[in-house]
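Order-wise, the sequence lines are chains A and B.
Residue 100 in our numbering sits at position 100 of the first sequence; the count goes up by one each step and never skips.
For our numbering, count along the second sequence from 1 and bump the result up by 117.
Hints should not be assumed to be uniformly reliable.
Simulated restraints, written as ranges between beta carbons of each label pair [said to hold, decoys possible]: (1) A:ALA82 to B:SER188: 20 to 28 Å; (2) B:ALA118 to A:SER115: 27 to 35 Å; (3) B:THR197 to A:SER115: 17 to 25 Å; (4) B:SER159 to A:LEU117: 23 to 31 Å; (5) B:TYR181 to A:LYS9: 27 to 35 Å; (6) B:ARG167 to A:THR70: 24 to 32 Å; (7) B:ARG167 to A:PRO8: 42 to 50 Å; (8) B:ARG180 to A:MET19: 39 to 47 Å.
Within a straight-line C-alpha distance of at most 27 Å, the following computed DSSO-like cross-link-like pairs (lysine-lysine) qualify [said to hold, decoys possible]: (9) B:LYS155 to A:LYS57; (10) A:LYS105 to B:LYS227; (11) A:LYS44 to B:LYS120; (12) A:LYS57 to A:LYS44; (13) A:LYS44 to B:LYS187; (14) B:LYS120 to A:LYS105; (15) A:LYS105 to B:LYS230; (16) A:LYS44 to B:LYS230; (17) A:LYS44 to A:LYS9; (18) B:LYS155 to B:LYS230; (19) B:LYS187 to B:LYS230; (20) A:LYS57 to A:LYS105; (21) A:LYS44 to B:LYS227; (22) A:LYS9 to B:LYS227; (23) A:LYS44 to B:LYS155.
Since the hints were derived computationally from the structure, they do not count as laboratory data.
Even glycine gets a Cβ: it sits at the ideal position worked out from N, Cα and C.
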Amino acid sequence: NAGVTQTPKFRILKIGQSMTLQCTQDMNHNYMYWYRQDPGMGLKLIYYSVGAGITDKGEVPNGYNVSRSTTEDFPLRLELAAPSQTSVYFCASSYLPGTGTTNEKLFFGSGTQLSVL
Amino acid sequence: AQKVTQAQTEISVVEKEDVTLDCVYETRDTTYYLFWYKQPPSGELVFLIRRNSFDEQNEISGRYSWNFQKSTSSFNFTITASQVVDSAVYFCALSEIPSLAGSYQLTFGKGTKLSVIP
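Bound conformation, chain A alone:
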């Protein structure tokens, strides 16, 4: 019953460093998402993917890159970390939406807390 797994759980970066946040799901979901949650705020969509090889920008994509080479994995890359990227990052996945089924809910990972100093 792994669901959506994110690694690492915590990370501290220096300004200008790069890193990749890993996300994997074992539910064979086509749809995957990356959100960030700033203190006291709701989540904002960074990037999403509708299937392997297909990605698109969300509301706040600047400073991030993604790839989706497999159905299971959806890594998020920060190339030049900036203090504004200090946040909690959530990966999520879902079944194909728009089908009218009750399974169309988002499954979230436990989050990665990132600090850029």
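Once you have looked at the hints, place chain B on chain A.
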């Protein structure tokens, strides 16, 4: 543009009291989804409910109930007989109904922190 407002930043109740969390939304879409998520102190987001805009029937699940009123653009969440384990941040969210080629792009409120005191 879509917007979700959760006016209550923090609420404290004594165990066994009922509590209602408010959610007001704005959207130009005629059909949409509304969601509630729970974020306990451990940090993960837990899905509670998804409601279609064309289904205004209220829903009850155990101690949880949801009151959807399209006329006032509200989707309020009530916890009956609250328990300490209900202590969490609760998020209301809104999404257009995606096409088969689309996906969810949720707009979240800022959340309401609920503290249930024993």
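Against the structure, the hints:
no.: 1; hint: A:ALA82 to B:SER188: 20 to 28 Å; result: violated (44 Å)
no.: 2; hint: B:ALA118 to A:SER115: 27 to 35 Å; result: holds (30 Å)
no.: 3; hint: B:THR197 to A:SER115: 17 to 25 Å; result: violated (39 Å)
no.: 4; hint: B:SER159 to A:LEU117: 23 to 31 Å; result: holds (25 Å)
no.: 5; hint: B:TYR181 to A:LYS9: 27 to 35 Å; result: holds (29 Å)
no.: 6; hint: B:ARG167 to A:THR70: 24 to 32 Å; result: holds (27 Å)
no.: 7; hint: B:ARG167 to A:PRO8: 42 to 50 Å; result: violated (30 Å)
no.: 8; hint: B:ARG180 to A:MET19: 39 to 47 Å; result: holds (41 Å)
no.: 9; hint: B:LYS155 to A:LYS57; result: holds (26 Å)
no.: 10; hint: A:LYS105 to B:LYS227; result: holds (20 Å)
no.: 11; hint: A:LYS44 to B:LYS120; result: holds (12 Å)
no.: 12; hint: A:LYS57 to A:LYS44; result: holds (11 Å)
no.: 13; hint: A:LYS44 to B:LYS187; result: holds (24 Å)
no.: 14; hint: B:LYS120 to A:LYS105; result: holds (20 Å)
no.: 15; hint: A:LYS105 to B:LYS230; result: holds (22 Å)
no.: 16; hint: A:LYS44 to B:LYS230; result: holds (18 Å)
no.: 17; hint: A:LYS44 to A:LYS9; result: holds (19 Å)
no.: 18; hint: B:LYS155 to B:LYS230; result: holds (10 Å)
no.: 19; hint: B:LYS187 to B:LYS230; result: holds (25 Å)
no.: 20; hint: A:LYS57 to A:LYS105; result: holds (20 Å)
no.: 21; hint: A:LYS44 to B:LYS227; result: holds (10 Å)
no.: 22; hint: A:LYS9 to B:LYS227; result: holds (22 Å)
no.: 23; hint: A:LYS44 to B:LYS155; result: holds (16 Å)
Checked against the numbered hints above, the structure breaks hints 1, 3 and 7 and satisfies the rest.
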